[in-house]
Amino acid sequence: MSISLLLLLVAAIGVTGYVGGNRRAQALAGGRLSSLHSRPGYYGSLVAIWALLPAIAVLLVWIVASPVYIGSTIRSGFPEAVQAEPQATQNLNYNMVGAIARGLKLLTPEERATISADAAAARALLSSKGVPLAADPAPYMVEAAQNLDRMTTTSRMIVTVLVLAAALAGAVVAYRSVAPRLRARNRVEGVMLAGLVGASSIAILTTIGIVASMLTEAVHFFSMVPAWEFFFGTVWDPRFAAAGATDSSGQFGLIPLLAGTLYIGFVAMLVAVPVGLFAAIYMAEYASSHFRSVAKPLIEVLAGIPTIVYGFFALASVGPFLRDISAQLNGLATGSYASFIQAQSVLTAGFVMGIMLIPYVSSLSDDIITAVPRALRDGSLGLGATRSETIKRVVLPAALPGIVGALLMTASRAIGETMIVVLAAGVAARMQLNPFEPMTTVTVKIVNQLTGDLEFTSPQTLVAFALGITLFFITLCLNIYALYIVRKYREQYE
Amino acid sequence: MNILSEAAVEKALDKKMNDVSYKMIGQDVSVYYGDKRALYDVNLNVRENTVTALIGPSGCGKSTFLRTLNRMNDTIDGCRVTGRIALDGDDIYDPSIDVVELRARVGMVFQKPNPFPKSIYENVAYGPRIHGLARTRAEMDAIVEKSLQRAGLWNEVKDRLQESGTGLSGGQQQRLCIARAVAVSPEVILMDEPCSALDPIATARVEELIHELRANFTIVIVTHSMQQAARVSQRTAMFHLGQLVEENDTDKIFTNPDDQRTQDYIMGRFG
Amino acid sequence: MSQVTTSPATAAFKASVRPERRDIGLRRRYASERRFRLYGLAAIAFGLLFLFLLLSSVVSKGYTAFLQTKITIPVEFSEQVIDKDGERATDPKVLMTANYPVVARNALAKVLGVDPGDRAAMREVGGMISDSVRVQLRDLVVADPSVIGRTVDVAILAHGNVDSAYKGQIDLGVDEKNRKVSDRQVGWMNQLAETGALAGHFNTGLFTNGASSRPEAAGLGVALVGSLYMMLIVLVLSLPIGVAASIYLEEFAPKNRFTDLIEVNINNLAAVPSIVYGLLGLAVFVNFAGFPRSAALVGGLVLTLMTLPTIIIATRAALKAVPPSIRAAALGLGASNMQTVFHHVLPLAMPGILTGTIIGLAHALGETAPLLLIGMVAFVADVPATPLDPATALPVQIYMWANEAERAFVERTSGAIIVLLIFLILMNVGAILLRRRFERRW
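Residue numbers (my numbering), protein chains in the order written: chain A, 381 to 874; chain B, 2 to 272; chain C, 23 to 464.
Read the hints as simulated data drawn from the structure, not as lab findings. Incorrect hints may have been included.
Label-pair ranges, simulated between beta-carbon atoms [said to hold, decoys possible]: (1) C/A215 - A/S508: 49 to 55 Å; (2) C/D140 - A/T837: 53 to 59 Å; (3) C/L71 - B/N156: 56 to 62 Å; (4) A/D747 - B/D260: 57 to 63 Å.
Note that beta-carbon positions come from the ideal geometry of N, C-alpha and C, so glycine has one too.
Work out the full structure, taking the sequences as your base and the hints as a guide.
Dropping the structure here:
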């Protein structure tokens, strides 16, 4: 029985339970609904919950546990010679067994018999049924596949029975418990509350998932490449080996990537901070409410434009423009029309990223500046200070901690930004100081290492996770510190 | 004194009677917030070296009038002032008058103490610094010390001038704000319910201070408390619903007001 | 009212003597004031200028992508070329593998009056037509084999270079050797254009076709469907989960370590670089749980996790905005906490929640980096039937086209960006309208 059919049956039991519970409650009330503790619907819901929850729990356990159990049983049935092979090969073997087992279902009994007798015939036969195999299967594989097929069928049958039994039993028990004094509403609400708690813990699960998954893969990577070579290496040259080769002779130095990330981020902040801050100051202190209501959303449009669009803008417009203008300048100055700014460069990526960051700086700082109490401004204006003196000498110093927090958050965005640098910064991992030359970043290399064919065993792939966790921790620290500062700041003025 | 003739004494007394010089003059002052009218043709003059108290129930326009005197209303969107307000005879709403200069001459102390998040010294030095009133460090130190002394705060804070002004107690903060206003050497100081956020002891201290400041400054104070008005002021103006009800010597207002509304307000029948 | 005042008559006023004027550096201070103000205006102008430059560069490069040059000519489906030996009744492969480009080339040569024997000329004629003509004619013939032997008018896609030349994007002043269309081809193009055979049509292929290495045949079909699947998954998962989490945190959660932890977590997750979510998706959904790579399902799950913090933050703000008096009223009538929230607070907060959700979805729609990592950068030519099939997404398609070298792809890329931006504008306008329509002042 397929899972979806099973789910449908369970759902039907649930609906029946709801109707039954509802009716029984009404019958028990005998026309005086006020004699019930809760409204009849709650009794129905309670029965339905009891029918659904245990059944679904059983199903989930099965979905997780059965492949693991079946897999280990089948693998332990492999010949000893096979079991001695490396893990990667074993996985391949097991995958082929799985493919054969899927194919077996499509075969007639006679054809099955042929395959059992002659493993070599299996490949041709199965591919004619639309199940391609990578290689000719070994005889033990066919046998294992038949075992697998049998076990899967049995386990399906068992789970069907178990799930249906759980649903029915739950429904019956709950149905019989329906009584006028049963606090059905409180129980249903208890289940709802549990659901709400579950939903909010997804945030924690996500964080755990991020840390755990990246840490596992990164630890895997550090078992092949020493951690100090990664963190303090100054050469990035992963040397993409041919697929399957386990040669890890490449060099994985983080420093050049980090340097590029910070340099581009620095250029971006150089653009975004003055522009964003002055824009925020103007919006908060000078602009009429009419001007503000037009200009502020327009500036914020910059934050709504996907970064890939900025990347394309950098690649197709800004980069070539800077290259051509530098050629013209050079020509005017020296007579040789060679451009000294490359189309892909720290400057291109940093500048465009800076534009992207303007709205972050401006709206975060705008909030912070507006939070400075009016009394301070009045105090300064009342002494005869001009507006700009008030801003420079009173408002900004008072807002400084908050603004620093906002800038840190923006910086963390600059460090984690991907699409602009992928398209506009270049891929050469170099350490140099010329902003007109390309450099590369941590995020670019994560993308580079993980697009294309993947193999979760080579350091070339796994290094991306080491890079990822580095990135995660840098941005995490920046954010936690920034949030802390901003929260302190807000408390001060509340 | 003895050698003065009777006639001379007579003349001197006469002169005193007529020598009421008005520091600020308000003629037909009306204020609008958008379409809403907050003040109706107020005619009120402020005498030099006198404490003038503005009293009246909340929302009567007394604070609004106060803020027109140094154009603090300019900072409120949609606020419009008509009529004529003159400082030493010059119309302060005239385009030729500069608002910064005006506020340097007419200082203001606010309802809630609002020291800047800077050191005590920097709080007081702020005004002189932006106006460039001190050329040397020593001059600045002198201004700060004198201002703090005038505000009666010097002895309490002289050992911790570099500590933050926000760390002081409420009453001290308000006196710091007064010192800050005094440091600019204004001619008029406007005070908008300066004691409403303070405890009784701090209030008494600030009232005493206002009394002393009268010698050098013209003071206009808005207050909610009639006792305070009676204690600190020589002249009192009563506002009601955006109109000036009456203005007279404080003693007269509190003993024998001309207007029934003033009488009722003072007796606590409304407010 | 002036008669009420007891002030002496105006004539008797005696103004005090104006003290000596102090120099408080007004001129210098006002100059600095003006400068400061100007910096602010300049900053805003700078931001708006680049917004304008960005949009105008995209639009000016991309609006032509919505037009596609087609050549409408009578095509003779010659049995000679398609099925010389008359085997199509017995062997269906014949019709699939026939040399359709020759059919099209011959038809065009005939219209242009080129001698079929002139091989160099014929090659250039062939270069006028898109390679996708093979598929186009094949589908036509397979669907209706009776056209063989007849002559039918067919609108054939022009080659990308001809398309660019016709749209004036190729500088014809350049030496012939250094550009992609020859003078002869340009002549033919003009000749065809004059007769009306060659003309620009609205480019429906841009919205229906899948990936192609030929710019003129490449379209956003797969990407649109992929993005649609992902948006549905994000909506279906993140809205209920986000709302449930917010309700718990805002209405029920006790103030303790656990809820503090969740709060800090949510704030941080909102700021985690999106590429990290890609790594999470790759490691957990693809590598660990064994979901197929490149599938919209995985993309949707990753984007859901990414969007959740945004939705939770917006929802909590909306719930917070409902005044406590509403809760007090419901509780006072004997409703349970749960009933109060679901019957009163939640419906009142709904507009705010939906606005936040739409904005979150718009962000998810434009997100690229995590999708690259879970393998959605694939050459997918067929529209995915289910979320489990390989698909791409709108922004990823833009990324892939941006990396193509050909001139015609720049136009496509900009066109795709316009499509993406239009979707985003529609979503944001929807959010704004929703807010305007249901905005409540308490």
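Hint check results:
no., hint, verdict
1, C/A215 - A/S508: 49 to 55 Å, "52 Å, holds"
2, C/D140 - A/T837: 53 to 59 Å, "58 Å, holds"
3, C/L71 - B/N156: 56 to 62 Å, "58 Å, holds"
4, A/D747 - B/D260: 57 to 63 Å, "49 Å, violated"
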